[in-house]
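Colleague: Here is how the chains run, residue by residue.
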Amino acid sequence: MDGMDITSGNIQQALDVAALRQRVIVANIANVSTPGYKAKNVSFDQALGEAVTEEREGVTPREDGNTVVMELEVADMRKNQVAYDLLLTAMNQRLRLVRSAISGRGQ
Amino acid sequence: MSLDGMFQGLSISASALSAERARMGVIAQNLSQASTTNRGDGTPYRRKEVVFESVLEGTLQGGVQLAEVVEDSATPLVRQHRPGHPDADANGMVTLPNVNTAFEMVDLLQSSRAYEANLEAMQVQVRMAEKALELGR
Numbered sequence: 001m002d003g004m005d006i007t008s009g010n011i012q013q014a015l016d017v018a019a020l021r022q023r024v025i026v027a028n029i030a031n032v033s034t035p036g037y038k039a040k041n042v043s044f045d046q047a048l049g050e051a052v053t054e055e056r057e058g059v060t061p062r063e064d065g066n067t068v069v070m071e072l073e074v075a076d077m078r079k080n081q082v083a084y085d086l087l088l089t090a091m092n093q094r095l096r097l098v099r100s101a102i103s104g105r106g107q
Numbered sequence: 001m002s003l004d005g006m007f008q009g010l011s012i013s014a015s016a017l018s019a020e021r022a023r024m025g026v027i028a029q030n031l032s033q034a035s036t037t038n039r040g041d042g043t044p045y046r047r048k049e050v051v052f053e054s055v056l057e058g059t060l061q062g063g064v065q066l067a068e069v070v071e072d073s074a075t076p077l078v079r080q081h082r083p084g085h086p087d088a089d090a091n092g093m094v095t096l097p098n099v100n101t102a103f104e105m106v107d108l109l110q111s112s113r114a115y116e117a118n119l120e121a122m123q124v125q126v127r128m129a130e131k132a133l134e135l136g137r
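Just so you know, the sequences run in chain order D and Y.
If you're matching positions, the first sequence starts at 1 in the working numbering and goes up one per residue.
If you're matching positions, the second sequence starts at 1 in the working numbering and goes up one per residue.
To be clear, the hints were calculated from the coordinates, so they are not data collected in a lab.
Mixed in with the good hints, there may be bad ones.
[Said to hold, decoys possible] Keeping only pairs whose Cα atoms sit at most 16 angstroms apart, straight-line, the calculated EDC-like set for lysine to aspartate or glutamate is:
1) D/Lys79 to Y/Glu120
2) Y/Lys131 to D/Glu57
3) Y/Lys131 to Y/Asp107
4) D/Lys38 to D/Asp64
5) Y/Lys131 to Y/Glu104
6) D/Lys38 to Y/Glu71
7) Y/Lys131 to D/Asp16
8) D/Lys38 to D/Glu63
9) D/Lys40 to D/Glu57
10) D/Lys38 to D/Asp16
[Claimed, not checked] Chain D stretches covered by chain Y per the calculated footprint, using a threshold of three residues with CB under 8 angstroms from any CB of chain Y:
11) 19-27
12) 59-72
Note that the structure is a prediction, hence the values are computed from the model and not measured.
Every residue gets a Cβ at the ideal spot worked out from N, C-alpha and C, and that includes glycine.
Sequences and hints are given; from them, build the entire structure.
Modeller: Here you go:
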């Protein structure tokens with residue numbers, strides 16, 4: 001989609017961030033039983049224009065030092081899944097627009 | 001979502017599934033050996049515990065693996081008065097394993113829940129990838 005227009009690029013970028021976030025959440029869930037594991041979080045840095053992975057803050061560690069809260073992770077995973085679906089829908093709309101522009105017909 | 005990224009996510013979840021399964025295996029062993037007073041060398045069974053660690057590099061980066069299975073020597077063995085038991089000492093005392101059934105069951109439940117959560121995570125990833133494949137249709 002490179003160079004097509006800025007909006008598709010934005011959607012593409014947001015999709016990449018959602019995919020990365022999914023991987024990080026999945027790793028958090030995988031490490032729920034690992035002593036000392038620190039749960040990670042993906043946020044998008046507007047200034048840098050890229051995704052940043054950092055340790056989740058504001059969570060009291062368990063006795064073994066682990067900071068994974070399963071409920072938070074599952075909720076985040078679901079949120080991210082919905083966001084990803086929405087982005088794909090948006091991307092599909094863009095593609096449909098491009099297709100009608102090429103064919104010169106409506107849908 | 002890149003295909004590589006998706007496979008990595010699935011591998012991470014799979015690593016946790018296999019680690020949790022190993023943990024459940026050790027718990028099952030503890031439960032089954034809860035009354036073994038002689039494991040061949042005259043000493044009772046000692047409960048075992050798994051140690052997990054994060055995978056820090058390679059294709060499984062972010063995943064989890066079984067570092068080792070250690071014997072629990074901190075929890076004291078149980079002494080019981082059973083004069084008729086073949087493994088009883090001169091005072092009629094038998095030394096039983098340091099397995100606490102309630103504790104093992106709680107551990108088993110936690111492990112089983114973690115297993116389910118990872119399975120769920122895997123399914124979510126597959127659904128996301130399927131959606132992505134429908135792009136442009």
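Colleague: For every hint, state whether the structure bears it out.
Modeller: Hint check:
no.: 1; hint: D/Lys79 to Y/Glu120; verdict: 14 angstroms, holds
no.: 2; hint: Y/Lys131 to D/Glu57; verdict: 32 angstroms, violated
no.: 3; hint: Y/Lys131 to Y/Asp107; verdict: 36 angstroms, violated
no.: 4; hint: D/Lys38 to D/Asp64; verdict: 11 angstroms, holds
no.: 5; hint: Y/Lys131 to Y/Glu104; verdict: 41 angstroms, violated
no.: 6; hint: D/Lys38 to Y/Glu71; verdict: 26 angstroms, violated
no.: 7; hint: Y/Lys131 to D/Asp16; verdict: 14 angstroms, holds
no.: 8; hint: D/Lys38 to D/Glu63; verdict: 13 angstroms, holds
no.: 9; hint: D/Lys40 to D/Glu57; verdict: 9 angstroms, holds
no.: 10; hint: D/Lys38 to D/Asp16; verdict: 23 angstroms, violated
no.: 11; hint: 19-27; verdict: holds (count 8)
no.: 12; hint: 59-72; verdict: violated (count 1)
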